[in-house]
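Number of protein chains: 2
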Amino acid sequence: MSTPKTIKIGLCGFGTVGQGVWQHLERARTDLEARLGVKLELARAAVRDLKRARDVAIPADKITGDALSIANDPSLAIVCELIGGTTLAREVTLAALKRGAIVVSANKALLCDHGAELFETARKHGGQLLFEASVAGGIPIIKALREGLVANRFTQIYGILNGTCNYILTRMVQEGAPYATILADAKRLGYAEADESLDVDGWDTAHKASVLAFLAHGVWIKTDKMIVEGIAKITQADLKHAAALGYGIKLLAVITRDFAANQLFVRVHPTLIPEERVLASVNGVFNGVSVTGDVVGTTTYIGRGAGRDATASAVISDIVDAAAILATGKAVPSIPGSSSYASSQPPSLAPLEKITGRYYVRTLVKDEPGVLAQIATVMANHKVSIASVTQPEVAEEGTASLILTTHLSNEHAIRETLADLARLPSVVEAPLLLRIGDFAE
Amino acid sequence: MSTPKTIKIGLCGFGTVGQGVWQHLERARTDLEARLGVKLELARAAVRDLKRARDVAIPADKITGDALSIANDPSLAIVCELIGGTTLAREVTLAALKRGAIVVSANKALLCDHGAELFETARKHGGQLLFEASVAGGIPIIKALREGLVANRFTQIYGILNGTCNYILTRMVQEGAPYATILADAKRLGYAEADESLDVDGWDTAHKASVLAFLAHGVWIKTDKMIVEGIAKITQADLKHAAALGYGIKLLAVITRDFAANQLFVRVHPTLIPEERVLASVNGVFNGVSVTGDVVGTTTYIGRGAGRDATASAVISDIVDAAAILATGKAVPSIPGSSSYASSQPPSLAPLEKITGRYYVRTLVKDEPGVLAQIATVMANHKVSIASVTQPEVAEEGTASLILTTHLSNEHAIRETLADLARLPSVVEAPLLLRIGDFAE
Ligand SMILES: NC(=O)c1ccc[n+]([C@@H]2O[C@H](COP(=O)([O-])OP(=O)(O)OC[C@H]3O[C@@H](n4cnc5c(N)ncnc54)[C@H](OP(=O)(O)O)[C@@H]3O)[C@@H](O)[C@H]2O)c1
Ligand SMILES: NC(=O)c1ccc[n+]([C@@H]2O[C@H](COP(=O)([O-])OP(=O)(O)OC[C@H]3O[C@@H](n4cnc5c(N)ncnc54)[C@H](OP(=O)(O)O)[C@@H]3O)[C@@H](O)[C@H]2O)c1
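Protein sequences appear in the order of chains A and B.
Numbering follows UniProt numbering, in which position 154 of the first sequence is assigned residue number 154; successive positions increment by one, without gaps.
Numbering follows UniProt numbering, in which position 230 of the second sequence is assigned residue number 230; successive positions increment by one, without gaps.
If we strip away everything but chain A, and leave its shape as in the complex, we get (with noise of 0.2 angstroms):
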């Protein structure tokens, strides 16, 4: 037998994930390499901080302060990009690409605002970039759409994919206590950032739906054309009105495809969803995705969404179908919708209109005669039907919340009905707007 050819992998990035990889690939190596006929070798990594100390001790001469490097030299054939953040990381994985490098990212921020270009490059010079762990954390979700559901088009998909706000949704139900306790909790603990926006305000979850949207329909949406609402108010009150009417409330990705209009739209928000649906008791930090493809009916998948260990699972999955495609030559099959995808037209926005669905609806009005005859009349006026109206709680002096479920509506319908609402006189506070996620299975 002839000594099998090695394969040199540059990671840029050595923080949680990079060294999460290190660890675990070496580990697997030798097992690796005998499935894969070739040889592996960890050669280099990147890092801001040179003299910081690291849980994965690699020798001095295979750490650099200089991420380029990595990215621009021939000898690596598989670079990872896990330094995060949007600018030196898009540096290194242009860099990487144009020298026909396969670039393996854990960055939905880069790929949601760059993926355009990134994968134009990749194209134009032989590159190719992987993007396993960048969804969804160790569950294989991007391989599953992308080769186990192939004969499949994705009518509708639906996830939880921040294990932040699902931690501290599940932590607010289960103890009772209110969102800014649990957050602050959740900080200490290390489960959310000191600055949680990108995480609670649906940003990440956003970032990660444009991945999964991509790859489904092969046309990049980036955040300026969803809907992204975050899960920060959220109350107790929101949660024990939603379990009493049989649902819990997560924080959702949905990504919904009309194939006949050839029309697409991605949103992200705090869904009620039947609580007798698998995703309701996706609990704590796991995540969950549900896709719907015409062929194979739903098929959901669960696991944990983020964390070294679950993280490195999906970049070392990538190392490995990168090392396959070194030792053959085999490309990745393209991506539905992209260029080579000749047979279909890139689906355009929907509008509003055709974005339908039950929705909840928490205000705080003035307890005072002839209010919900105002409410009901301007819901009226813009044809969204109440279907329940609930008064959970004394508020304070003078004060009544009240929660009001509708029949089914769209979201044109029901953000003029809220902007409405906001302007009269008896409600006093902005109303909370929650969708009701009754998605077919």
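These are computed hints drawn from the structure, not numbers from a lab.
Treat the hints with care, as some may be off.
Claimed, not checked - With the C-beta cut set under 7 angstroms, the calculated list includes, among others, these residues of chain A facing chain B: (1) ALA151; (2) LYS187; (3) ILE227; (4) THR299; (5) TYR301; (6) GLY303; (7) ILE316.
Unchecked claim - Across the chosen pairs, the derived CB separations fall in these ranges: (8) B/GLY284 x A/ALA430: 36 to 44 angstroms; (9) B/THR328 x A/LYS98: 17 to 25 angstroms; (10) A/GLY176 x B/ARG188: 47 to 55 angstroms; (11) A/GLY176 x B/LYS354: 39 to 47 angstroms; (12) A/LYS51 x B/GLY284: 54 to 62 angstroms; (13) A/PHE259 x B/SER385: 44 to 52 angstroms; (14) B/GLU353 x A/ARG54: 39 to 47 angstroms; (15) B/SER348 x A/ALA180: 36 to 44 angstroms; (16) B/THR390 x A/ALA232: 57 to 65 angstroms.
To be verified - Restricting the straight-line Cα-Cα distance to at most 20 angstroms, the calculated cross-link-like pairs of lysine to aspartate or glutamate (DMTMM-like) are: (17) A/LYS8 x A/ASP31; (18) A/LYS240 x B/GLU276; (19) A/LYS5 x A/ASP31; (20) B/LYS233 x B/GLU429; (21) B/LYS366 x B/GLU429; (22) B/LYS240 x A/GLU276.
Beta carbons: idealized from backbone N, C-alpha and C, even for Gly.
Position chain B with the ligands against the provided structure of chain A, taking the given hints into account.
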């Protein structure tokens, strides 16, 4: 651009699955060809009865009664074995592999009984055998285990793998009707075969467990080396008592590996699952698989486990993988533990003493003083300690039904216990044993 290569596909079997594959592949063909950069041609199909009317119409000159002529046709680079059974299916698969073709099979019985021979034949002659559709229908669990979770060693895999059993158990819970009634109705509706034994006695689940164990551990465990128990003895009393204890009952395949001792065990049995676990809410014909890897933790996969369309989705994903292999010469990564996986010894079967768990025992005893003491003595003799005793319902005159749960014990001790219990004069009917599945997540 040069004319793209044409890859010809033959289908052996054109029944439920075969027709689904033909129809959906034709529908998706242009898109798949664009992604792959090759042409796909469904060239021929074999059936038993040439005169039978088919739902999916194909030209008469493409249909043959001779499946082996497809297996041996050198122009067909991909052969799908969708006949079922282990006789002709085996011949067809061997013949196609011997000429270096890629065989796509949905046949778990064939794989379980002859997998070792088939994969050895493939290795020897440069053929390949893909089998995504053989386990859990449309759920891409084979790809997840083989590629997506490649960084992991699998300490535990358990799943609901038979839609018929899950459908029956679900309806028993929902309707409160006895097993026999629901089974008869399931047959009438086409959810159970005329000969139900393959499904309800656990053999189909066992075949699928064998395939998953091979994928995860590289060895073929046949059903005679497993514990295989079916659902036919489960009563309403069991379901209700389990529910009162906070459990649902599901027929599970359970594959556990102890890496330190290098031991493996595969079993199939009705199992009490804590109702907050996601698999407890996998109902009807749906399948669900929970996979615990040493890096990623537990990931769970849910979807339709059978049926024309879901199975076709899986077969088509294998056809696309096969076409990608043929287009570029890439080999699929070999399976862990298989011959190429040089770094580890194949695991041996774990002894029954090491298969631990808590148990649920239902038995019918004479309603006379001292019976419980006799039973408790038998259990104590085998060091099986009782966690709870209930007498859920009045049985026939002079007898009493008794439900016991145990603390942690093992398959050896509980078997001996059951044998001794059955010998007690006061025990009227051989006890029913169910496992309590408090699986780690
Ligand atoms: N953590 C997770 O659970 C998770 C899950 C999925 C995806 N991801 C994604 O994975 C990526 C990495 O996340 P992480 O949690 O591993 O982040 P992290 O712990 O903050 O690690 C980032 C690494 O990049 C290095 N770095 C930063 N700026 C650099 C510079 N200018 N030059 C060279 N190196 C630089 C850092 O160096 P120092 O160590 O010297 O600071 C550190 O090693 C992000 O895109 C994230 O979104 C993370
Ligand atoms: N059905 C499912 O939901 C499902 C799901 C997963 C896996 N599978 C597996 O897929 C395989 C096929 O299942 P199926 O449900 O499609 O079975 P099926 O409907 O009974 O179809 C079997 C096909 O094989 C043909 N056939 C039988 N004997 C033959 C012979 N001697 N020569 C030529 N053709 C012959 C039959 O011909 P005629 O049509 O002329 O009788 C029929 O077209 C089985 O291994 C099964 O376990 C099925």
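So, going through the hints one by one against the coordinates:
1. ALA151: holds, 4 angstroms
2. LYS187: Hint violated; A/LYS187 Cβ to chain B Cβ min 23 angstroms, cut 7 angstroms.
3. ILE227: Status violated, d = 27 angstroms.
4. THR299: With Cβ-Cβ at 3 angstroms, under 7 angstroms, it holds.
5. TYR301: At 6 angstroms from the nearest chain B Cβ, A/TYR301 passes the 7 angstroms test, so the hint holds.
6. GLY303: holds, 3 angstroms
7. ILE316: holds, 4 angstroms
8. B/GLY284 x A/ALA430: 36 to 44 angstroms: holds, 42 angstroms
9. B/THR328 x A/LYS98: 17 to 25 angstroms: Holds: the Cβ-Cβ distance is about 23 angstroms, inside 17 to 25 angstroms.
10. A/GLY176 x B/ARG188: 47 to 55 angstroms: This hint holds: roughly 49 angstroms between Cβ atoms.
11. A/GLY176 x B/LYS354: 39 to 47 angstroms: holds, 42 angstroms
12. A/LYS51 x B/GLY284: 54 to 62 angstroms: Since the Cβ atoms of A/LYS51 and B/GLY284 sit about 58 angstroms apart, the hinted range of 54 to 62 angstroms holds.
13. A/PHE259 x B/SER385: 44 to 52 angstroms: This hint is violated: roughly 59 angstroms between Cβ atoms.
14. B/GLU353 x A/ARG54: 39 to 47 angstroms: For A/ARG54 against B/GLU353, whose Cβ atoms are near 43 angstroms apart, the range 39 to 47 angstroms holds.
15. B/SER348 x A/ALA180: 36 to 44 angstroms: violated, 55 angstroms
16. B/THR390 x A/ALA232: 57 to 65 angstroms: violated, 47 angstroms
17. A/LYS8 x A/ASP31: Measuring from Cα to Cα gives roughly 17 angstroms; hence the hint holds.
18. A/LYS240 x B/GLU276: Given that 20 angstroms is the threshold and the Cα spacing comes to 19 angstroms, the pair holds.
19. A/LYS5 x A/ASP31: Holds, because 16 angstroms separates the two Cα atoms, which is no more than 20 angstroms.
20. B/LYS233 x B/GLU429: holds, 12 angstroms
21. B/LYS366 x B/GLU429: holds, 10 angstroms
22. B/LYS240 x A/GLU276: With Cα atoms ~19 angstroms apart, B/LYS240 and A/GLU276 stay inside 20 angstroms; holds.
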